[in-house]
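Whenever a hint applies, use it, and build me the whole structure from the sequences.
From first to last, the protein sequence lines are chains A and B. Here UniProt numbering is used: position 97 in the first sequence is 97, and no number is missing along the way. Here UniProt numbering is used: position 16 in the second sequence is 16, and no number is missing along the way.
Don't read these hints as lab results, they were simulated from the structure. Hints may contain errors.
[Claimed, not checked] Straight-line Cα separation of at most 20 Å, PhoX-like style, residue types lysine-lysine; simulated pairs:
id: 1; chain 1: B; residue 1: K53; chain 2: A; residue 2: K93
id: 2; chain 1: B; residue 1: K331; chain 2: A; residue 2: K112
id: 3; chain 1: B; residue 1: K224; chain 2: B; residue 2: K326
id: 4; chain 1: B; residue 1: K336; chain 2: B; residue 2: K326
id: 5; chain 1: A; residue 1: K77; chain 2: B; residue 2: K198
id: 6; chain 1: B; residue 1: K304; chain 2: B; residue 2: K198
id: 7; chain 1: B; residue 1: K231; chain 2: B; residue 2: K304
id: 8; chain 1: B; residue 1: K167; chain 2: A; residue 2: K93
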Amino acid sequence: MKTEQVPQDHSPSYSGHKKLLYAVDESGHYTEVTSSGWEVENFATQMAVEDLHQQCLEAHAQVKAGLSSPLAYHMYKHRLDVTSLAQASGFFKWQIRRHLKPAVFRRLKPRKLNIYCAVFSISVAQLTNIPEL
Amino acid sequence: MSEIINHLVHHQSSHCESGVVSNMLSSRGFAMSEPMAFGLASALTFAYLPFIKLGGLPLIAYRMPPKTIIKTVAKKLNIELKTQKFSNPEKGMQALDEALAQGHIVGLQTSVYWLPYFPEDMRFHFNAHNLTVYGKNTQGDYLISDPVFEDVVTCSAQSLQRARFAKGALAPKGLMYILGEIPQNIDLRPLIYKSIKKTAKMMNGLPIPGIPFFGVKGIYYLAKQIRELDKKPSKYARLYLGHIVRMQEEIGTGGAGFRFMFASFLDEASKLLDDQQLFEVAQFTTDIGDQWRTFAIQAVLFCKDRKSISLNHISEVLIKCAEMEKQLQNKLLSLKALA
Chain A
1 MKTEQVPQDH SPSYSGHKKL LYAVDESGHY TEVTSSGWEV ENFATQMAVE DLHQQCLEAH
61 AQVKAGLSSP LAYHMYKHRL DVTSLAQASG FFKWQIRRHL KPAVFRRLKP RKLNIYCAVF
121 SISVAQLTNI PEL
Chain B
1 MSEIINHLVH HQSSHCESGV VSNMLSSRGF AMSEPMAFGL ASALTFAYLP FIKLGGLPLI
61 AYRMPPKTII KTVAKKLNIE LKTQKFSNPE KGMQALDEAL AQGHIVGLQT SVYWLPYFPE
121 DMRFHFNAHN LTVYGKNTQG DYLISDPVFE DVVTCSAQSL QRARFAKGAL APKGLMYILG
181 EIPQNIDLRP LIYKSIKKTA KMMNGLPIPG IPFFGVKGIY YLAKQIRELD KKPSKYARLY
241 LGHIVRMQEE IGTGGAGFRF MFASFLDEAS KLLDDQQLFE VAQFTTDIGD QWRTFAIQAV
301 LFCKDRKSIS LNHISEVLIK CAEMEKQLQN KLLSLKALA
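Below you can see the structure in the form of structure tokens.
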């Protein structure tokens, strides 16, 4: 990549930041160039962010409909899934899948709720409810 | 609260770990560029790890695992690396304060998700992000040199603690590190050839049948996975290809999955050693980087409109990358060290 080929596409995901890339100047040697974004990379990022957002909205609707516990919403809201939430909380995956059921979640002891609160950095009141979107 | 500001040279870099190494060494009076740190650590590689899932998609890495760069560079330059991990977050923060009060600049492993100065779209659960703390202001906020940012930043004690003690895959467990004495008269020259040879030897992957996940073999394997995507739902195919592009470009790689950074290292080495063959290899590595960028463009083209390009075509672009990397390996292995 030559210095003049370094993309400057002002990616919204950079929020005005610039990233450093290495490119070749006229003499054929490497130099540092900052880039405000690449449209190709931005598309991939937005696709991933959009997918996470979609999961979060679906979970919100499921909780509203009484099909999932509020944990489902908070999990996706914090960009986690069952696997990564298991790693972060220390619960087994099957435990988390149980906790995603409203009836089970309602009966959870404060000790278990507090573990989720610590993972998400929120209070018990916030964990057991979901905000209006 | 009294203010602490320790001497630090902040220079923006592409990648967090090589950037931290470069900044920490430069702050201590031993100027080292980011590509040099990356190259000396023989950090370039390729790994496709289907059994490690990130949001349901396989992990794809273009460099050696976290902490390799800092450990290898310290070892090669014969610098003591004092590392500490903590089970108690309060003790971890206390140790950081003490190290700062003693005048050290401190490297930390953190989770990107909990660092408030990151743009919202970049905050994913990645637990192996490195940064350097160089002081604390009167409000008790930490002064941080995050190498991937243009300028230094600040972060509240609460957020920093959260980021240092995030749980999950690659959990940092409060890891902090300080560089010991830096020896006088370090001669990089013999080290450079050795690290290039090491990179070259790793490039073919592991010589064990049935493990096709690393190096050139790994790239062929990924190419095969892409061809087989048409059996999967189209949403999965789009997310999968987008995921590869993000691993290659977004996650601080200096472009093309560290290939440009490695080329920059070879270029710098050729100047330092006055070795023309290294410069020629650097140019070839640039071509490889360009090929990876072409792959990214094609992959995203598929995500935008799947009718405009076939999966086979994308797979072929990637196979070309693998072939070129095989040639690069031969070139690197045939390099003769100048006396």
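Here is what the structure says about each hint:
At most 20 Å may separate the alpha-carbon atoms for a hinted pair to count; K53 (chain B) and K93 (chain A) meet this at roughly 14 Å. The suggested pairing of K331 (chain B) with K112 (chain A) is violated, with an alpha-carbon distance near 57 Å, which exceeds 20 Å. At roughly 17 Å between alpha-carbon atoms, K224 (chain B) and K326 (chain B) fall within 20 Å of each other, so this suggested pair holds. For the hint pairing K336 (chain B) with K326 (chain B), the CA-to-CA distance comes to about 18 Å; that is within 20 Å, so the pair holds.
Between K77 (chain A) and K198 (chain B) the CA atoms are separated by roughly 43 Å; this puts the pair beyond 20 Å, and the hint is violated. Between K304 (chain B) and K198 (chain B) the CA atoms are separated by roughly 39 Å; this puts the pair beyond 20 Å, and the hint is violated. At roughly 19 Å between alpha-carbon atoms, K231 (chain B) and K304 (chain B) fall within 20 Å of each other, so this suggested pair holds. Proximity of K167 (chain B) to K93 (chain A) is assessed by CA-CA distance (about 15 Å); at most 20 Å being required, the pair is judged to hold.
Violated hints, listed in ascending order, are 2, 5 and 6; each of the other numbered hints is respected by the structure.
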